[in-house]
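K.L.:
Residue numbers (the working numbering), protein chains in the order written: chain V, -1 to 494; chain R, 2 to 442; chain E, 7 to 350.
Keep in mind that a hint or two might mislead.
Taking CB as the label site, the calculated pair distances span [stated by the list, open to error]: (1) V:233 x R:141: 49 to 59 Å; (2) E:261 x R:156: 56 to 66 Å; (3) E:150 x R:169: 41 to 51 Å; (4) R:421 x V:221: 30 to 40 Å; (5) E:152 x R:430: 34 to 44 Å; (6) R:421 x V:57: 50 to 60 Å; (7) E:77 x V:185: 51 to 61 Å; (8) E:152 x R:140: 24 to 34 Å.
Simulated from the structure, these hints should not be mistaken for laboratory data.
Since the structure is predicted, the reported quantities are computational estimates derived from the model, not experimental observations.
A virtual CB, placed ideally from N, CA and C, is assigned to each residue, including glycine.
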Amino acid sequence: MRNLTSRLTIVIVIVAVFGALAPIHAQDDKPFDGVEINILTFTGPQIAEPLQRRAPDFNELTGAQVNVVTVPFADLYQTILTDAATGTNSYDAFVFAPQWMADYVTAGFIEDLTPYVEADAALEWDDISPFFRDFSASFGGSIYTIPLDGDFHMVYYRVDVLEELGMEPPRTWDDYLAIAAAANGMDMNGDGEGDYGSCISKARSQQSYWWITSIAAPFLQTQGTSQGVFFDTETFEPLVNNAGFIRALEIYAETGDYGPPDEQTINVGDTRTLFITGRCALSMDWGDIGSLAVDPEQSTVQDLVGAVVTPGTTEVVDFETGELVPCDETTCPYAIDGVNYAPFSSFGGWSGGVSASIDQETKDAAYAFLSYMSQPAQANEDVTIGRTGFNPYRISQFEELDPWLDSGMSESAAENYLGAIQDSLNSPNMVLDLRIPQNQRYQQVVLDTVISQFVAGEYSAEEAVATIAEQWNEITDELGREDQLQAYLGSLGVER
Amino acid sequence: MQSQNAGETLQDRMIRLWNASPRFIFLSPSILFVLFLSIFPLVASLYLSMSRIRFVKGGFEITFIGVRNYEKLLSGSQERHFLGKYGEVTPQGYAVLIILVSLMLIMLVRYCLREKIKPYGLIAASAFVVAANRFVPPLVNTLREADVSAEGLGSLYIETFLKLAVGIGIGLYIVNKLDALGVVLRVISILFATRIIWLLIRTMSEGGLNEGGLPGTIGVTMIFAFGGVFFQYIFGLMLAMLVTQNLAGKRFFRIIFLLPMMITPVGIGFLFRMVTNTVLGPIAPLWKFVGLSEVTWAETAFGARTAVMVGDIWQWTPFMFIILLAALEGVSRDQVEASLVDGANSFQIFRYIVLPHILPVSTTLILIRLIEAFKIIDMPQVLTYGGPGTATESTTLHVYNLWRAIDLGTSAALAYLLLIVVTFIALTYVNFFRRRVLENL
Amino acid sequence: MIRQFFIRPNPFAISPARKIFSYSLLIFWTIVTLLPFYWLVVTAFKLPIDVSTGPKYVPYVDYKPDTHAFDDLLFSDVAGNFVTRPYINTIVVASGSSALALLIGSTAAYALTRFEYRPKPGLVLTLALSVGLGAYLYVQGLSMILSGVVAIAVYALIAQTIGRRFKGSLGNSDIAFWLVSQRMLPPVAVIVPIYVMYQNLGLLNTRLGLIVAYTAVNLPLVVWFMRDYFQAIPIELEESAFIDGASQYQVLWRIVMPLAAPGLIATGIIVLIFAWNEYTLALFLTGADTQTMPILVAAQNATRGPQWWSISLLVLMMVAPIVLLSALLERFIASGILLGAVKG
């Protein structure tokens, strides 16, 4: 017995000595030695892969141990909210869509990163494109997330098909429909069967509420990003009950006439597959098709894909009357050749945020890791790898063509792809996604359901817009109109 | 058994208790386990269903709002989504309603005659129903019209709830004393069933029972549940009977037929998306050969519902199969042989020997499957996402869609409404069908 | 038609016509069952482009098989224990919970078939009311002890006064119905309260927590199925054992359970499958260390669309052990001889 006790004592002493020595040992050059960071994101390979791949390098550099925890994509939003709201706090940082920011920021779950960014020269904040810097990453004037990815819609077209038809890439949605109608039924992949003019997925609970916003945006937003496309900035009335949104619904439904027959139950993954296997002439998508189309493991249309900024319109809504009026210098100040473009940054691009309820040292380490991921040295390489799911968002990423050529793009394809992205990013009329508390209820529940019902013929266009407006107002009244309006103005960067 | 005495050790006492109370020890672990995982969550989500959740600084805030969420689902903005779009009822629709209601009334009268309900019992029962009809709606209306933002909302609810509980309790007590409780319960069931039938007549079978109606998620769920379980049972029984014959290789078939059930439900959804793809799936050449290459099942409500049901049937037929197989194997061979000798034909053997043997387990099986089928979510969610429109959206998928947008209140309320419907259907099934079947064996 | 489907004692009595009919139906259903499985196997070896360019049926003939899905999930640098950890978790949780559910569920089922329980409806209603009252008081900010005391006091008061006076009583079938009614609510509706409860009990992100949850979820199934099997066992056997001086436990363990073995195994396989494949509870009650396989399958549908090859591979990996187990246990299920012999 006595023997055992003395042995135990020795063990305890040794452990204690080592324990005491450890922090001293850690002091030398690694700032976060022994710090453990748990980062939550969704199960990759996209997004999670680069985080996992670069974690060992970061550990080497700073001594912090990064654990990437993943949950299925569809459950990420609720997992973050549940974890933070119930005070479980299992995670130190989150990589999520800045669209969800409103809920996390108003509840104080994520840290205000403004002081961190200001003190961080290596991040090269000014290199990040102004839209992501000033709108996407910020809320109410403060910075809350570090962008890792740039997201907005573009329209992709088949260069060879358009040449054959003798048509130009679409500038307006009417052009889009004309091309789709002309190309529909042509054989585009050489299998002797007719293919489709346009592939835009219309499945429920997937991406349809983003597509409709992309189509409606040029009708609704003419005065720059701060105007917003979802609500009136004075009364918070939904901007759906007007001729522009109805026209957008009709365009959206008409694209279905030139699409695959099962468009109502396929999602963007399926339309991407259709497009890169040569079955579609046109498609709307995020930046992903650009990098997927050059991958020989997946694509049969390498170098046949062109991209343009999402089409605009020549008519816009006059909110006094709710009717469409032609574009002129006062109605569309940002119009290019008479066409009002409004590229939509749907979803907002994956970004990293730091939990507000952890100790300062972990916060610093988590921020350092996010910053490390976003610094040009790392990011400019990652955005050219299709597997990462990261799309360009830094100015320097457009200037250097070499990484893109290394990834397998031809020079003309790279210039075309980057050109389309740049056109969108440089647009002063870029559209910000809805970022107010519980925006998922507005978009994922109400908007998504009603437009699916409209496409399935359960509602007429007029009934659809009336239903959307009524249900949006109901949610607003539940959550408090003034609070929601303030959050909406905050997200648009409007001071009132 | 040991007698109780002062010298009894703790161990002895334990043994004595152990021996004395198997009826307690056998049952209580199950009850405790189920209570552990159900009592708090059930009460909490009932409270959630009557509240609204908001995220505020540092966490969340739950505001009690009474029946507002239920109102939204039953007569507000979610009504059309949940219950469906009401069509103009056709004469056939009215005919069906009248026939079904008369049937239920006949059953009620027969019950009264059979049980020899005394006149004063009947009077008490009618008085109870009339009184409930007179006094409950105004109380519920008070709750519906109450000001949500008012301070005393919680106490108003408690007060109303107590009034209702005391009133109903006293009423039921009297009725019970007069042996007329059965009548009251049956009348309530008939009223509830009539409401469901009327809803279904107004929303389902467009063109037959009504003009211009569309089923809501509850109607779609019923199509999936009843249609799916019916076919699963028929197929499961057929397969089980086939492999209880003395055929070579039957063990091989038995194992093969179990396979679909073993795949995780989400996986089956994905699998069926691959298999039912009319362009890239294995049936594509066949599809093209029949000349359907420009058509898919996914375009129409009927086609999409069929696809979901086919997947569900494929997945759950094995469940019926394995249980029925075990039951069929228990059929006494001697008995079958004896009746064969007596010259019974196949149908008679099935009717008088096989069927009675498998009926008890069949009724259990159908009940369990019905309960599970009312929660169908993975197949429509993965295969069709509930589309086109809302054609394949089951109530559970509707609950999930609201829930994942953190509309916890409405989603809990919707789940409770589903619970009420399923409980009613299950109780009806157990009391009017299962019990009767088992008694008439 | 019905002529084809009943059991004949004599193997030689099967006519050739009936044999052909039976086999054609059996083979038809075998194809219906196996075709999707075949598709899983071939898809697991496909490159994305082989999936997306039309149906490819036979490896080496239609397309060149590739092991990239295996490499990504199992053998790549970042794979690590990406699959092995959830796999082990699934095995532990599913087998633990189904063994537990089988044990306590079948004893409860036995009790419900052999003993009579007569809970008074008035008492049960009063109990439910007082629990509700206690919970309400607690939510309203009363301390847990105080609200518990109030609830118990109200219960005792009402139960003593009017609760006992209700005519009639509930029976065993009502207990069974109550148990099965616990499966009626969709899990998403109660998942947030369960999450909060688990967080307070420290069961979040533990295998034990998941085992407890699955046991409770599967118990009603076990009770219902085993009730039917126990009912089929004649009580005379037990009675003679009691006369020989056996205790209730010995009778259950030595006589009844072996007789009900086919039912136990069939039920066991079913609850094992349910626990093996459960998704919603697993998603919320687990963290990185305790995630189970269904979550991994669901996660293969990310922003790039479903990764068909990975889904196929993971589904096959999940199914394999259960198929083996069922193949081993099938003979016991089928040998209803046990039951038949007793009955006959």
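K.L.:
Which of the listed hints are not met by the structure?
P.N.:
1, 3, 4 and 7
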